Amino acid sequence: MYKPTLKQQQRIIVFAFLALPLTLLFVFSYYPASQLFYLSVTDWNGYAPTKDFVGLENYLYLWEEPDQLNPLLVTLYYFVGAVVQLVLSLWFAVLINSKLAGRNLFKTLLFIPFVLNAVAASMVFQIFYQVDGAFDNFLQTVGLGSLVQPWLMDPDVVNWALVGASVWRYLGFNLILFYGVLQSIPQDQYEAAKIEGASEWQQFRWITLPSIKLVIGLQVLLAFVGSLSVFEIPMIITKGANGTKTFVMATLETAFNFNDFGLASAMAVLLLVIVILFMILQKVLFSEEKAS
Amino acid sequence: MSTTRAVSTTASENASLDRENLAGQIYAIRLRRNIRNPKWLFWVTFKYLTLLLGAVAVLVPPYAVFMASFKTLDEYYANSKVALPESFFNFDNYIKVFTDGDLGLAFFNTGSILLISLFFTIVFGTQVAYVLSRFSFFGKRLVLLAYVIAMVIPAVTTQVATFEVIKALGLINHKASVILLYVGADVVMIYVFLQFMKGIPLELDEAAKMEGASYFLIYWKIILPLLKPAIATIVILRTIFIYNDFYFPLLYLPEQSQVTVSTALYKFTSVFGTEWTTISAGIIVILIPSITVFLLLQKQIYAGVTNGAVKG
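Protein chains in written order, with this note's numbering: chain A, 1 to 292; chain B, 1 to 312.
Among these hints, one or two may not hold up.
[What the hints assert, rightly or not] Heads up, simulated PhoX-like pairs for lysine-lysine below, C-alpha to C-alpha not over 20 Å straight-line:
hint	chain 1	residue 1	chain 2	residue 2
1	B	K228	B	K299
2	A	K99	B	K39
3	B	K267	A	K239
4	A	K7	B	K209
Just so you know, these hints were derived from the structure itself, not from any lab.
Since we're looking at a predicted model, the values are computed, not measured.
Turn these sequences into a full structure, and let the hints guide you.
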């Protein structure tokens, strides 16, 4: 009896509840993404009313002037850092998941940098790494004075120093993901293994590792995307000096400082394509793993 | 009556005491045996050593900044940077960050951006999740797909073009710019809400419908209250994200009157030059709310971060 009104009601509520969110999604997610492709074949300077079509000129420029792509190599430092960070966080997660005095304290300590304000956390390291700063003084105090060096000035060292700040900030995130999965592994599996006389390494290799495979895959993907989009730490600590400029920084600089939105869009498209390719690759690897 | 209960309580207490004793004895025996095993001893020492090193690595950088925030500039340069300050009651630096560093304004701006963004995120997120999980309609799969694909687009790359949109809307230097981006481009929340919707039995909707409740009333009176845990998760995740975000305010709110905590602190190096003690106080002021909230809501934050990442 009420069916027609309910049907009408349903139409109204579907429309009312979806209209605004979907509009926002398109205006701030899809439109910019598609516009990126369009701008990348123009010479738009950010304010001119006209956008001249220039074909693939911006992409060719990226190809011919590899200097423009150099910041992409900085990604490698952060990726190495991310791998170290993954191994360390897994180690700490396994420890915290085992019988351990003060496990909550250690968990809190290791995780807390992740919830801190990005600028504040970066500036902590800007101060920490100063010449004759806290890091140097700390090293001298613990008898490692020979390691003292200009952390932010030496182009050979500075990227590793920044990677250190990045590991400090994001390790807790990996730790919590690993810890969550470790908690979900039924304890009786370990009990059974112990009765069979399996060593701790064997338990890790044959019980823990297979259970956390998926999370490792997810975290490698996040680490890769994260390394490509590093921005805050070098932007705040060194402002990109001494060869610490990352690709995102270079893209923004090209757009907002050099007013070359066309070229900047081409760079953004390149980054977008790399990220999506890696996601597809990861998906393919995963489904194969599942099948075998 | 009461005596028998008292007796039985002591009896059970005794039993549990015995059990504890036994467990303690077994533990002591194991420990005594283990401690003579050099391999075991090595591993335990190694484990705690790495944890200790990790804890020191986490603590030393902010420790040094905390110490610096109580020092005068002369004191900072004269002494070791890891030494204690002459007095923990020197609040000059803290006063200065509020009078000269616009931190009060920054907290007000971030606070208003945060509250408005959270409100719309919750309204839109729960509404989209309700409609998508309860009705079948033309184009539903397309809408779901739109949210899946949107998640793949990294916001960090598309800002060059988003800037054009914000500019065309005339929203540069208006808080609405970042609010729209925080609300409109967040996709993870849809997943968290959808996941929770699955756990709300359809029978509840049906029963309310029998009573003659409209769909809006069902959303308002049944779904929304039951989504509270999901809302808490989203509030936590978004608060951390928005309070900590630097990228959007840097691009869209460059004017001094629109500073957020992140951009205000970022400008400190140009306002205070190399007055590292004042800058340190600013850092501490901005870290305190995060640390307080974290210590209060630790469990929920762990759960929220795990949910958000695994679904996202």
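Outcome of the hint check:
Taking the CA atoms of K228(B) and K299(B), the gap is near 16 Å; set against the 20 Å cutoff, the hint holds. For a cut-off of 20 Å, the pair hint linking K99(A) to K39(B) stands: about 18 Å separates their Cα positions. Distance hint between K267(B) and K239(A) is fulfilled; the C-alpha atoms sit about 13 Å from each other, no more than 20 Å. Taking the CA atoms of K7(A) and K209(B), the gap is near 13 Å; set against the 20 Å cutoff, the hint holds.
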